[in-house]
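Number of protein chains: 2
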Amino acid sequence: VPLTAATPASPAAVAQTSLDPADWNGFRDCAHQLLDAVLDHLQGAGAGPVWQPVSAALDQAMRRPLPLAPTATTEVARELAELVLPSGVGNTHPRFFGWVHGAGTPGGVLAELVAAAVNANVGGRDHGAVRIERQVLAWAKAIMGFPPQSSGLLVSGTSMGNLVAIQAARTAALGPMARAQGVAAALAQRFPGARGLTAYASEAVHACVLKGMGIAGLGSDSLRLLPVDASHRLCPERLEAAIHADRAAGFVPFLVVGTAGTVDIGATDDLAALARVAAQNKLWFHVDGAFGALAILSPAHRPRLAGIEAADSLAFDFHKWAHVPYDAGCVLIRDERCHRQSFAMAPNYLERAPRGTAAGAPWFCDYGPELSRSARAIKVWATLREQGLERIGAAIASNCELAQHLGRRLAAQPGFELLAPIPLNIVCFRHHPAGIAPDQLDPHNRELACDLQESGVAVVSTTRLRGQLALRAAIVNHRTTASDLDILVDALVRAARRRAAR
Amino acid sequence: VPLTAATPASPAAVAQTSLDPADWNGFRDCAHQLLDAVLDHLQGAGAGPVWQPVSAALDQAMRRPLPLAPTATTEVARELAELVLPSGVGNTHPRFFGWVHGAGTPGGVLAELVAAAVNANVGGRDHGAVRIERQVLAWAKAIMGFPPQSSGLLVSGTSMGNLVAIQAARTAALGPMARAQGVAAALAQRFPGARGLTAYASEAVHACVLKGMGIAGLGSDSLRLLPVDASHRLCPERLEAAIHADRAAGFVPFLVVGTAGTVDIGATDDLAALARVAAQNKLWFHVDGAFGALAILSPAHRPRLAGIEAADSLAFDFHKWAHVPYDAGCVLIRDERCHRQSFAMAPNYLERAPRGTAAGAPWFCDYGPELSRSARAIKVWATLREQGLERIGAAIASNCELAQHLGRRLAAQPGFELLAPIPLNIVCFRHHPAGIAPDQLDPHNRELACDLQESGVAVVSTTRLRGQLALRAAIVNHRTTASDLDILVDALVRAARRRAAR
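As you go down the protein sequences, you meet chains A and B in turn.
For the first sequence, our numbering assigns the number 1 to the initial residue and increments by one for each residue that follows.
For the second sequence, our numbering assigns the number 503 to the initial residue and increments by one for each residue that follows.
Note that these hints are calculated values from the structure, not bench results.
Keep in mind it's a predicted model, so treat the numbers as computed, not measured.
Virtual Cβ for every residue (Gly too), placed ideally from N, Cα, C.
Misleading hints may appear alongside valid ones.
[Stated by the list, open to error] To be clear about the criterion: a stretch of chain A counts as covered by chain B if any three or more of its residues have a C-beta under 8 Å from a C-beta of chain B, and this derived list gives those stretches: (1) 73–84; (2) 101–113; (3) 323–329.
[What the hints assert, rightly or not] Beta-carbon label-pair distances, calculated as ranges: (4) 66(A) x 941(B): 45 to 55 Å; (5) 940(B) x 32(A): 55 to 65 Å; (6) 682(B) x 355(A): 45 to 55 Å; (7) 40(A) x 984(B): 41 to 51 Å; (8) 848(B) x 142(A): 37 to 47 Å.
One chain only, chain A, in its complex shape (with noise of 0.2 Å):
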């Protein structure tokens, strides 16, 4: 005999303290109403400006007191269907070349519906959004090549993927020791007399990877930034180079990571020449594939990440290039147990059982820092289910033919100037008009940047390259065209034009 089903509690008691709609029809109706507002949003997603300032009404709703009392549903769905929804920095909009962010789908927008209605924490127990998670990483591992016992972790984007990658290569060097008595006693007794732990990457290299370093405690000046060659890839003498001059001056190399599309032009290291430094040196070889690596979807740059399938660890964005709406990022370690070893804890009140809802082992915050943790694997099945990932990779595949056209049409304008080769998504320009004294050119750029982005047309951003103000335009949406690019001239352009005028 099971245990029998309860009756509910009364409903009249419910209301005490519930915090649920005291009217569910009209909460049903209000929602109703704003999902219109969502997807009329969504399917204006080209229309009107690019970016525009924080309206006037926005900024001041947001300079409110505590709200100590209640405020109606519709009240609140108001703010957030005016106010809020056509606040967005403008990445959903076609003409948005500003940063490397997706352009998301509607069908993301529906996935995330569910998944704040399921509300689960996924740092552990035996529940959906778990199988969910693990789906979406054998995924990951088949499309990346790594083997399917090896362990990943969807993150926040890559900047937690670098860390949590970081952190593993320093348990594979220090050993699981380095987390219990810290990095200088496990350097002092695995390396008696080392000055420290080194790592190696091109100076193309994001600055998360700085970053980890520095949270990691190893420094970020442990991290070597070697120069990159004249396609902006680290060179691989290079690197063994500066591997053996750090040996032979008292440190300990652990680490080589590659890039797969840097962020200023999108460039990809050699990746399968620096696995094979790195395994010769016995170094951890990590890969940053924020955008680039799902580039692996299209066939015809696919052979441009030769090498990633022989990385120890991985990190990439699916709210980039796989349109997934943020926060979508995933890391993926070949070596299950020394992943494991740099996270895992089990304290009384996370024991996990055989049976019941704390089943499910291994947890998922056994492999990263975080035990709360959100269910975004929901909304990345949904969209790799349901654009398929050819789409996706076509969509790739189009925004990288889009840069070839775009660089074809600035090289063509006169007073613009290419300032990198483009070998995947990103220019990088400027406008040089004749007789521009040196020292202007770079606030010339700067400012035109401000112009084109307060015009509404479109969004560029900048970068330095040799120390060169450059103009950045990235192509990272599915939703963009030639003829965007085509507006795209025409107003960088008039734009540089009126500046001259001045």
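Guided by the hints, dock chain B onto chain A, whose structure is given.
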């Protein structure tokens, strides 16, 4: 003359790679149907089993090969509604007492819908979600008595909040040099000959603080776990003695961690006393207030938290007792400069501008490990505004009263015994049938927890108190009423009888 608004790309061109719906009307119908399924699910939060094993259908659906081709949105939506929605761990149900998970609100779900459509990366730049996060942080400071010029960050949860605070405390102790040169070099320079940094907390501290110490390279062993008194609180005299002993032994004490709401039984340290000891010894005082800090919203419980406003840092969760959907944590840091020095970077591709899209400094990426950050502020803002702090506080107070009710019921129930005081909302107890062999008590209660979970009537978890396995009922749900607890007690009695009859 402003730059003229551009004409949109032709629809035909957009269709080439767009991942948007080909049939918007069909998509809209599907979305409204899914919303109704979500609302039905939310409205029926108290119906059906609290938890059940993952369905065979979901299990099967999560073992698919790589999704190369697209799947119809209606089919994905069907699986979201039929397989995913009912697969939660149970925390939305009024008889989930297993772990300290919030219960969510329908309004929070609507806010997530909007946030997914906005699809913002809140790492930086000037847009709505940044302003909303600043509003939420201003409210958090006002709630907790932190000064307006202190800094803060929304994070995934208190595990991440504690990690951020430990980094800031490390910077306060060793200077920004620790980030660049590593903890070993920084310690050697600032405290020549010292054996290491040490931190202090009660043995009831959450394991994620140990994890954060390990990640920081300081070593989890460097967190001294001090015995608690009869009320499960850290004794200030013991703290002082431990600090002095470590100093005498050549260590550098740097951090005291107080807890507001221990995970085991809900005890809150004497925060004012710990703040005094920390100040007298010039140590950083951090409070882990994961769920307990928000008890400050209840006038009845507010006095227990006296001293929280004196902390150097505080981490707590909105997804627990404020019922914001996962994930939504918060960390506040009194010393903004120290916080920023622990994380800020300004690489070329993240240059901030005085106007345009790259305005909005300071950017949130300068205050934590993440550059990709979700717009979780939107759901926090909407929930606090819709519900109002007074109602949230009333629900918290009700949970604590219900814990007393459950305690009285269990104390009066033959064969059951309480194992700890009930200072807040957690009841630790066990079934102790007459004549049971002492070595059978723990296994008996462990099986009882599983029996109850599998029955679907209620979920409690387990922990260990003074070496004894305890059943643990954490009451964190605004939907829970006294009758839910009566049902729990009846179900426990029945399950215990059935086990005894075997």
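Hints, one by one, checked against the model:
1. For the stretch 73–84 of chain A, the stated coverage by chain B is satisfied: 7 residues place a CB nearer than 8 Å to a CB of that chain, which reaches the threshold of 3.
2. For a cut-off of 8 Å, the count of residues in the stretch 101–113 of chain A with a CB near a CB of chain B stands at 13, and the three-residue condition holds.
3. Interface restraint, the stretch 323–329 of chain A with chain B: holds (5 residues with C-beta to C-beta distance below 8 Å; minimum three).
4. Against the hinted window of 45 to 55 Å, the Cβ-Cβ separation of residue 66(A) and residue 941(B) comes to about 53 Å, which satisfies the hint.
5. Between residue 940(B) and residue 32(A) the beta carbons are some 60 Å apart, a value that agrees with the proposed interval 55 to 65 Å.
6. Hint check: residue 682(B) to residue 355(A), Cβ distance near 50 Å, so the stated range 45 to 55 Å holds.
7. Distance hint for residue 40(A) and residue 984(B): a CB-CB separation of about 45 Å, consistent with the stated range 41 to 51 Å.
8. Between residue 848(B) and residue 142(A) the CB atoms are about 38 Å apart, so this pair conforms to the stated range of 37 to 47 Å.
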